[in-house]
Each structure stands twice: as C-alpha cells, then as structure tokens.
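Fit chains B, C, D, E and F with the ligands to the known structure of chain A by using the hints.
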Amino acid sequence: MSISSLLVPAILFFALGMFACLIKSDLKFPPDMHRMIVIYLLIGIGLHGGKELAAADMGDALSAVWAALAFGFGLPIIAYIVLRGLGKIDPLNAAAISAHYGSVSAGTYMTAVAFLAGIGVTYEAYPIIMLAIMESPAIMIGLVLAGYSRRVTGGESKADKGMMKHLLIDAFTNGSILLLFGSMAIGSVVSEPSYHKIEPFFELIFMGALCIFLCDMGMEAGKRLSEFKSVGVFLVGFGIAMPLFGAACGLFVGHFLLGYSIGGITLVAVLAASCSYIAVPPAMRLAIPEANPSFYLTLSLGVTFPFNVVVGIPMYYSAAQYLHATYYPW
Amino acid sequence: MSISSLLVPAILFFALGMFACLIKSDLKFPPDMHRMIVIYLLIGIGLHGGKELAAADMGDALSAVWAALAFGFGLPIIAYIVLRGLGKIDPLNAAAISAHYGSVSAGTYMTAVAFLAGIGVTYEAYPIIMLAIMESPAIMIGLVLAGYSRRVTGGESKADKGMMKHLLIDAFTNGSILLLFGSMAIGSVVSEPSYHKIEPFFELIFMGALCIFLCDMGMEAGKRLSEFKSVGVFLVGFGIAMPLFGAACGLFVGHFLLGYSIGGITLVAVLAASCSYIAVPPAMRLAIPEANPSFYLTLSLGVTFPFNVVVGIPMYYSAAQYLHATYYPW
Amino acid sequence: MSISSLLVPAILFFALGMFACLIKSDLKFPPDMHRMIVIYLLIGIGLHGGKELAAADMGDALSAVWAALAFGFGLPIIAYIVLRGLGKIDPLNAAAISAHYGSVSAGTYMTAVAFLAGIGVTYEAYPIIMLAIMESPAIMIGLVLAGYSRRVTGGESKADKGMMKHLLIDAFTNGSILLLFGSMAIGSVVSEPSYHKIEPFFELIFMGALCIFLCDMGMEAGKRLSEFKSVGVFLVGFGIAMPLFGAACGLFVGHFLLGYSIGGITLVAVLAASCSYIAVPPAMRLAIPEANPSFYLTLSLGVTFPFNVVVGIPMYYSAAQYLHATYYPW
Amino acid sequence: MFSTPESFVSMKRIEIVIHEERLNDLIQLFHEAEVYGYTIIKKAGGFGSTGERDQDDFILEQYNAVLVLVCDKNQADKLLTVLQPKIKDFGGMCLISDCQRVSVP
Amino acid sequence: MFSTPESFVSMKRIEIVIHEERLNDLIQLFHEAEVYGYTIIKKAGGFGSTGERDQDDFILEQYNAVLVLVCDKNQADKLLTVLQPKIKDFGGMCLISDCQRVSVP
Amino acid sequence: MFSTPESFVSMKRIEIVIHEERLNDLIQLFHEAEVYGYTIIKKAGGFGSTGERDQDDFILEQYNAVLVLVCDKNQADKLLTVLQPKIKDFGGMCLISDCQRVSVP
Ligand SMILES: Nc1ncnc2c1ncn2[C@@H]1O[C@H](COP(=O)(O)O)[C@@H](O)[C@H]1O
Ligand SMILES: Nc1ncnc2c1ncn2[C@@H]1O[C@H](COP(=O)(O)O)[C@@H](O)[C@H]1O
Ligand SMILES: Nc1ncnc2c1ncn2[C@@H]1O[C@H](COP(=O)(O)O)[C@@H](O)[C@H]1O
Ligand code: NA
Ligand code: NA
Ligand code: NA
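Chains as they are written, first to last, in the UniProt record's numbering: chain A, 1 to 330; chain B, 1 to 330; chain C, 1 to 330; chain D, 1 to 105; chain E, 1 to 105; chain F, 1 to 105.
Derived DSSO-like pairs: lysine-lysine, alpha-carbon spacing no greater than 30 Å straight-line:
hint, chain 1, residue 1, chain 2, residue 2
1, D, K43, A, K223
2, A, K24, F, K43
3, B, K165, E, K88
4, E, K88, F, K43
5, E, K42, B, K28
6, C, K28, D, K43
7, A, K229, C, K165
8, C, K24, F, K43
9, C, K165, F, K42
10, C, K28, F, K42
11, E, K73, E, K88
12, C, K223, B, K165
13, C, K24, C, K223
14, B, K165, E, K86
15, D, K42, F, K42
16, F, K43, E, K86
17, A, K223, B, K28
18, D, K42, B, K229
19, F, K86, A, K223
20, B, K165, E, K43
21, F, K78, F, K43
Think of the hints as simulated: they come from the structure by calculation, not from any bench.
Looking at chain A on its own, in the form it has when it is part of the complex (with noise of 0.2 Å):
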C-alpha cells in the first residue's frame, strides 16, 4: 500500500478542514449545512444498508447484530475500567467518555469506505448493519454506567430513576438513530425500479457530499484538538490507545468469528475502533450533565477521530491483510 492509496478526497477534504483550523482561516460552514449533510448521510447510510440487508443471509446477518452488540455493551465497560484503573479519571467523566467508545463514527465508517473503494477493494455488506445497531447500546451503557458511578460516589438518586427512563426511551427515539433505522427498514422493503429512482441521490452523489461533511468536521476536530492541552497527556494516550485496542479487537472477531474480506475484517476494525460524534455527545450532556464536555469532545473529535481518518483506516487495513495473509495462506 502506497502514499498515493491515503490521497483519497474524503481523507484530503478532512485535512484541508483541520490546515483551515491550524492557520486560523476565517472558513466556517453554515451548522445548518452541518446538520443536513448529517441528516442526508444517515438517510444514505441506512437506505444502503436496508438494501444489503434485504439481501443478505439472516443467519450471517444475525451473526453481524451479536458482534454490534458485544462492541456496543463491552467497549465502553472495558474503557470504563480503564479510565478509572488506570488514568484515575472521576467516575462520572469516566461514564461519559467510555458511552463514546462504543459506539461508532459514520464518518470514520465513509471514510474507509472510500478508502476501500479508492485502492478497489471489495467488502461484506454486514459491517453496515452493524453500524446502524452500535449506536443504541453505547448511549444506555453510559446511562448504566452513569448510574453506577453516580450511585458509588452517593449523588442523586431519586431525580435519577425518572431520567434514567427517559433516558433509555431517549437512546430510541434519538433522532439519529430513528433515521437510521427508519432508512434501513425502508431501504429493505422498498421495490428494486422505486429504489433506483432515489438511488441518484442517495448513492450517486454520495461520496461527494461526505467530502462537504468531512472537511466541516476536520474543522471541528481542529478546533478540538487545540483544546487537546486542557486534557492531560492520559487522555489523549487513552484516545489513540482505545482505537487501536477496539480495532484488535474488530480485526480478531471480524476475521475469526465473523470470516470476512480484507475488506469487511477492515470495516468491523473501524467500527470498534471509531467513536460517535453525532447521537452520544448531546445523549451524555443531558444524562452526565456533571461531566466535562471537553473531555469527551476534545478525545472524540479531536484525538480518535482525527487519528483514525488519517491513521487508523490505512493501518486497520494493513493488518486485515496480514491477518488474511497469516490465516489463510492458501
């Protein structure tokens, strides 16, 4: 794999939003545009996934939801552990962070996607079904995780309950996750000529609208990123190490467990390896309003984001190779 697979324009676009940042250009897209291409992407996302789903083996499909699950309920618990073994880090800042590591990244998810594409490589449909279910069970672990912690240090416990269900009704009915699901299941009922009468739009020029969006979040992350200081040397390890842990820990289940491609093994690693910026961070504000936002934004946008875009996707590859290489060297 060359210099030339990385100048992949998803990738490109990202860096040009964070060189905006650095050299502190005046650039700034209108949040709404932000909050459309979001709504545009989600809506992409799952129609195509409804598609490949409507398509695929229910049982390798099912087999697709079980790994989600385990990422979305075992990763944040395991960086929980972390955070508060290790970095010492206050249990309810501990919750807030850990909920963002379980769940997944949908522009992470493009990215690789695009980066596959770019250097040809093929991939399962089922990694896509799996990023649609992450995101759920990351948001109630932190609610989980919340409680416990907020149950340890002996906060509130009485105001919690109610919260606590609105709450898990909240990591349903988020408007995120709502769209996401609601595009899969449309995406799979929907009648092959009806779909490819909206497939211009949602597929087509797809790729295109996802280098808009990401050169807005390299901005964002850059912005972040300067915050990076006010974190702590632990943090930000913690934000590169949990990635490369979560991606260990996709290629093993993506390639043991679940066989797959190079190119599927390198998308299951993305999703364990990636954490989510859109459902999670306003989810954890209201649960864990105790909790610093700039921890978790600056880990999620300005340090894990960041690094798997320009880091992590090449790399998670990389191994999925080796790995089908080691593994199957027939």
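Frame of chain A; chains B, C, D, E and F with the ligands shown alone:
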C-alpha cells in the same frame, strides 16, 4: 394493485416522519432545509413542466389550463358553501379553509408521480401545467370569499380595499408561484443541450430529495394531526370528504373532458383532491388574520395531506383504472 | 450568434431573480443556502481546476499564472487612477472599489462556461487556474492602495500597521480563497478512480446548482441596482466601462500572449472583466471601514455583474471570434 | 416630561433566560396564568451554573431561550407566585424591572 | 458608587417588538428622526393580540423583530412624538425605561 | 407588594452590543472578572457610529452580538473597571440598569 405498490420510498419517508412525531422522537430538520428543498422542488417541477409545455399540443394545453382554472375557482366555492351550510363554520374561517382546497400540494403531486413511476404507469404532461396554474386562483378566490364574508358580517371595509389590492398583487408576486412560473418559462425556452446540463440536478436527483422533503412534511403532519381534537369532528370529516369530492371531480374531468390515460387521470384527481401548504397558508394568515391558523393547518397538513399520500393516491389510481376499464372497455 | 444562445438556464435564472426583485416579489432564499452553494461552487471549481492543472503543461500553466497576477495587480491600479483622476472619488472609496475589479466573480465565470457549453464551444483548462489565483492579489492591492490613500490624506498610521499585517495574512487565510486553493490541490493529487467517485456531486449536478445560485444573485443584483441613483452617473458609467476595458485587456492577453482558442480567450476576457462579490467585499469592509459599502456593492453586484452576465459574455465571445478570424484567418 | 405623559403606563418587565428545551413548560405556565403577551428569542447562548452553552456548537446543540414579558403589577404578582416555586427547577435567570409602556394615544 | 461615576450618562432605553414585515417602516421612521443608533434582533417569536407567532413554524413564517434604541431624553421625546401616532398601526409593544450608558472614559 | 418580597434581590443588569467578531475578547474579559453568568444573542443587526449592520446581508456578513449580564453591585463595579478602558476599542454600546432578580424561594 398490491400492498407492495404502496412501498414507494416517498410515501415510506412520509410515514417515517409521522412515526418520528408519534413516538416523540427529537428528530428535527433545520427549517432552512425545508425552505431550500421547497425552492429546489418548485424549480424542478417548473422546469420539467416547461419542457413538457414546449413539446405540448397547444389546444390540449389550453384545455388543461381551463380545467385548472375551473378547479382553482370552483372547488373553494363549493368548500365554502359546505363549510358554511353544513358545518356552520364562521365565514372567515370558512373562507381561509376553502382557499386551501382550491390550491394544490406539490408534495402530494410528486408523491403520486413517484407512485406511478413505482408501478410503471405513464402519464400525460399536462397535469404539471395544471399544478403550476392552480395556486394563484385559489389565493384570489380566498380573498374574494374573505371580502364577501366581511361585508356579510359587517367587518372593516375601508382598510380592506387597500389590503385587497395588495393581496391580489401578492397572488402573482408570491415567491413560490413566481418560482414555479419562472422555471416553467425557462424550461420552455432553453435549448435541449442546455437543459441537458442542468437535468442531473433538477431531474436525476429529484426523487431522492423529495424523500427528505416528505420525511420533513411527515413530521409536520404528525404535529398538526395531534391538534385535530381541537378542530372538531366535522372539520376532520371535511378534511377527508373534500379531497374525495375533489378527486371525483378530477376523475370525471380527467377522463371525460380531457381524455387522459389512467396515469393522467390519477394525477388530475390528485390535483383536485390535494390542498396547499406552501403558498396559501401564509397568504391566508396575512389576508384573514381573524381566521384561526390551527383550523386550516390541521386540515390541510394534518388531515388531507396524509390522507391523500397514504390512502388517496392508490385509491384514485384504482378509480382511474376502473373508469378506464368501464368506459373504454375495448 | 443568435438570441437563442442567450437562453442559457444560468442566465435566465439570473434574469428571473432580477425580475423577482423588480416586481417586489416576496421571493427570498435562505442566506445559509447562498453560503452553502458558494462553498459547493468553490470546491467544485477548485477540484475541476486541480484536475486540469494535473494534466496541464507546466509552462503554459505558469504563463496563465503570470497573466492572472498581472490582472490581479494591474487592473485595480488602473481603476484607482481612473476613479481618482476622472471621477474625483475620495481616495478610500476609490481604493475599495478598485480592489473589486482586480478580483474575479466565480459566478460570472461559470455563467460564461455555461454559455460556451450551451453553444458547444470548447476552451482551455488554464483560465480556471487564473480564476483561483486572482482573488488574493486583488485584496492585497486593495490594502496597499488604502494604506497609500491614508498616508496621502494623513489618516491613522500606527493602528494601520498591525491591521495591514493582519489583513495581508487574511488575503491568504480567507475562507473562500483557502477553499478554492485547497480543492485545487486536492483535485490535482487524487487518483482517477477516487475522483470518479466524487465527480457526480461536484461536476454532474454543478450546472443545476449554479442556476439556483444565479437566481439568488439576480435578486441581490436587483436589490443593489435599485440603489444606483445614490451612486451617481460617473460610478455607474465606470461600472460598465471598467469591465469593457478589462475585457479588452483579457482579449488581448488571451489571444496574443497566451494564444488560446476562442473559448479560452472569452474566458480570459470574462476573468479580467468581472469583479468579485464573495471574498473582496467583506475584506474591504474590514480593511477600509471608512469606505461606503453601497458604492462598491452597487457597482460590483448591481452594475458590473449583471452587465457581464447579460451583455458582456456574448459580447466578449463575439470579440474573441472576430479576433480569431482576423488574426488567424487561415 | 414627554409630549404626552399620560400616554405612558407603568408596567413590569419580566425577563427570563432558560434552557431552550424547557421553554414549552414555561410557556404553558404563562398561558395558565393568562398573560396577554410575551416575546421569545431562541438560539441564544450563554454561561451559567450549568456551564457554557455555545450556540455555535453544532455537536452539543445547547441553546438558551430569552423570554420578555410585559404586564401590569397585578399580573406580574400573579405570575411570579406561579413561577417562583418552579424557578429552581427551570434554572437560568429571572429578572423583573420597571418600565413604561407607550400606549396607543 | 462605581469607580468612575462621572462616566455614566443617564439615557432612555426604548424597546420595541413588532411584526418583522413592518420593521423597515419603523427603521425609516428612526432615520427620519435622526437617531444615532439602534440594535435589531430578528426571527423572534411571541404571543400578543394577534395570536401566537411561532418562529419555528416554517409553514406560516411569522416572525417578530425586537428593536432596542438608546438615546438621551430629548431624542426619546422627539422620537416618541413621531412614533406614538403610528403605534396602533404597528402593533406589538413599545417600552421605555431608564438606564445608564457607560461612556468612553 | 409581591407575595414574597424577600425573594427579590437587587441586581445590576449590564447590556452590551458589540460587533460579533469582538465577542470572544469580551467574553474572555468576563471570565477574567469571574462573572457567574451571561447570556448572548448573536446575529443581531443594527446601526451605530460605524454605519448599518444588516444581518440579512449575506455579502458583507456583519453581525452584532447582544450580551446581557446580571450581577450584584460589587461585581458590576469590578467588571466596569475592567471594561471601561476597553469600551472605546470595543465600540457598540454598554448599558447598565437596575433590576430585581427573582431568587429561588
Ligand atoms: N405584553 C407583551 N410582552 C411582551 N411582548 C409582547 C407583549 N405584547 C405583544 N408582544 C410582542 O409583540 C408581538 C406582536 O404583538 P401583537 O401585534 O399584539 O400580536 C407579539 O408576538 C409579541 O412578541
Ligand atoms: N447572571 C446571569 N446573567 C445573565 N444570564 C445568565 C445569568 N445566569 C444564567 N444566565 C443565563 O441562563 C442560562 C442557564 O443558566 P444555568 O441554568 O445557571 O446554567 C445561561 O446559559 C445564561 O444564558
Ligand atoms: N444608541 C444605540 N442604541 C442601540 N444600539 C446601539 C446604539 N449605538 C450602537 N448600537 C449598536 O452597536 C452596534 C455597533 O455600534 P458602532 O460600533 O457604534 O457602529 C450597532 O450596530 C448597534 O447595533
Ligand atoms: Na467503537
Ligand atoms: Na385541490
Ligand atoms: Na477582474
């Protein structure tokens, strides 16, 4: 016609929007997104209509125009009489509601087009010309009815006059109407190769953009629907009966007077059955401030619009089929 | 060249926008829509330019760069001299106005491209490189002229210095310029298959999106045009004479120095004739707050822009044809 | 002092800043107290006991709403009786000051 | 009371809320009265004698504008003389209150 | 007068309008003065010594920001000492007025 013909993405996204509203999801599209898609759809419809108009037979086109004017002026008057006579609705509210039913809903029309496309039925070019024409008369007749009501109830009449003139001008300088007519004019004069350059934007990705629009409108409809208790049984009934009556007129005119194909008849029925929620509501709010917006918005957005999209379109299509089979059984 | 060659959708939508403004329609596009389309157009132009640049002959590309710099620095100086000498315009307003004429209007340029496409004329890739380059020098020379004017009129000079440096940096970190150069860089390095993925979004639907942009700019031009009384006859005359002079320079340079085809010459003329309304106005508002924005905005948006779009482009094209026929009559 | 002093009416100006997601509850309270007018500005930002709320941050999407309500002393009295028990729950800020409403001549 | 009391100037603060479509008429009036400053906030919502104006309702698109103008008593006097006859026509709300403008030291 | 008069606290209401691009400097100043709350409204328009700032003009993109801060007299005193030397530089408008903050019962 099977249930699967209802599985048109446009309709499903509308349902998704209503569902999001029902489960009180926090899903929300930026208001500017709505405005932008409306602008886009109006231009797209206009251009397409203009292109058709340029290729149309002038005599046939004129018939369509006459039919459109008849609907635009006639339906509101009938609606007004029913609302006053049967419903004992006060004059000004009756006038405001009536105006909506003379106009058309571009969203419903496009959903019908998507529906026909989904089941592979062709249609004439003229209905789109009717669509462009029907918005203005409805606003005008709304003003006339309001003026009449005020004279009857002895309201202000001096201030009225200036207002009246101002609003009649408005019926033509109204942004949406101007955009529709302007694009139609442009569509009808540009050369084939020029049109070809802008076609991908205005036609190729049109149906996809429509999905997002309808998802948004589904949320809006759901919001309005929830107010239907305050509107009363009579008005809700009217909101279903009126489109049925309009559709019947449309079927009759489309089949016997205009002699269209099944697809064309369906579209004429949809035009007559649908009611506006883009140009007319703000015009009525300005022209008849005494009328209660929750009446006409609940009816047009919360009752008639979802009824037409989910139940009406396939029903009108079946009726058109029946009509065609019965009266041209050769 | 017949009247039908003027019936380019882009130009017609511009006219529609002006018409809407003329008849005082309430048509209004969301400001964020304008910003979004500008971002989209700049990236699209940049990517396309970069792609061309990658395939271009370096020597020829360099010539284009030199020509762009000559225009960017030269035209404002000439404009300044004319405004001061003939028009007796006060120094700071003269400086602010001048800067606009060194820069270019991406909207005018793209309209010219649409015009050429409409009549099937090909053109070189270099003008788009010039477009990207001409924005910065114009801002810089505007700052220099303002500094000079202030020294002449004995204005503040200390505060000036910091400001000056700040603004020179601005000329490069300016969001629009960065977006243009950044996309150009990206367009020039991405691989063919990668580019292919984003092409539908940035090229296929480009001309349609341009129509919406120009409709919006037509409204803006109409609004500014209505202020032209307050600007005075001399300035309005200047707003027409200056693009004519610029175009003449462009024709000369394009034909004799750069040796382009008819299409290429037309584009160079358009670049030299057009004046900016994206990057330069806000820069001048900041750099020369003493200057009256209604002067430079009326001129650039209300006079020169519509003149170029409606009259200029076909005129420059005819001139290019004539030039080509006269000096290469073989 | 002014040309037509008798056309000023002494009123109370109540100004409330709360998290936007609580706005509907507040408005409901207002309608129950039968107020006859208020003005709302949304998408405000700010800083308070719950930290910064940056209206430009499209990731967290936290907004405040500013609400201004003008009424006579009696109405204000009535309103505040209803409002005060909820103030802690609502958070934000609630001010009251004097003003003159210019009335129709 | 404050470190530099002499740097405060007593002023009148005029606060107007009207339907956004009437804003231009009001501003014109202001410029005729030669005011030297005002601040405008658009896309406000509210509730008044003409019912609710919900700034999030993209179907009806009804907005209010809030206008704040600070001037000395004389100017306020002059302005209100011009403004008052139009107040009924403008609708909305017009307040006046006292304030101190912090001036450049 | 009100049902629970003892629940009102006399406060100072500081209202500042500045060019939006200067807002961050002002906020920094506030945080240095350790204020405990403020509210910001962005994308305001207006007219002042530097001319018109039309928030709908997407070519020039000039906005004002309105900042409201409520604090007790001491804090206001402290704040204005810091603020006043910068006022000229900031431009815009800075007002101070009296108000009652409704406190938690
Ligand atoms: N008493 C009030 N307090 C605050 N704002 C008011 C009041 N009355 C009217 N308004 C504002 O003025 C707008 C127009 O009022 P009106 O013309 O009475 O409907 C309303 O939508 C409110 O935003
Ligand atoms: N002292 C204050 N002055 C002005 N605004 C305030 C003040 N305290 C709180 N606020 C506003 O109320 C919002 C919510 O406050 P809180 O619930 O304390 O976080 C803040 O974001 C501010 O916009
Ligand atoms: N007398 C005033 N009343 C209300 N707002 C003002 C006043 N003077 C200035 N402003 C606001 O402050 C902004 C900047 O003022 P300036 O720096 O003087 O141009 C203006 O655009 C207005 O929004
Ligand atoms: Na993950
Ligand atoms: Na109808
Ligand atoms: Na030029």
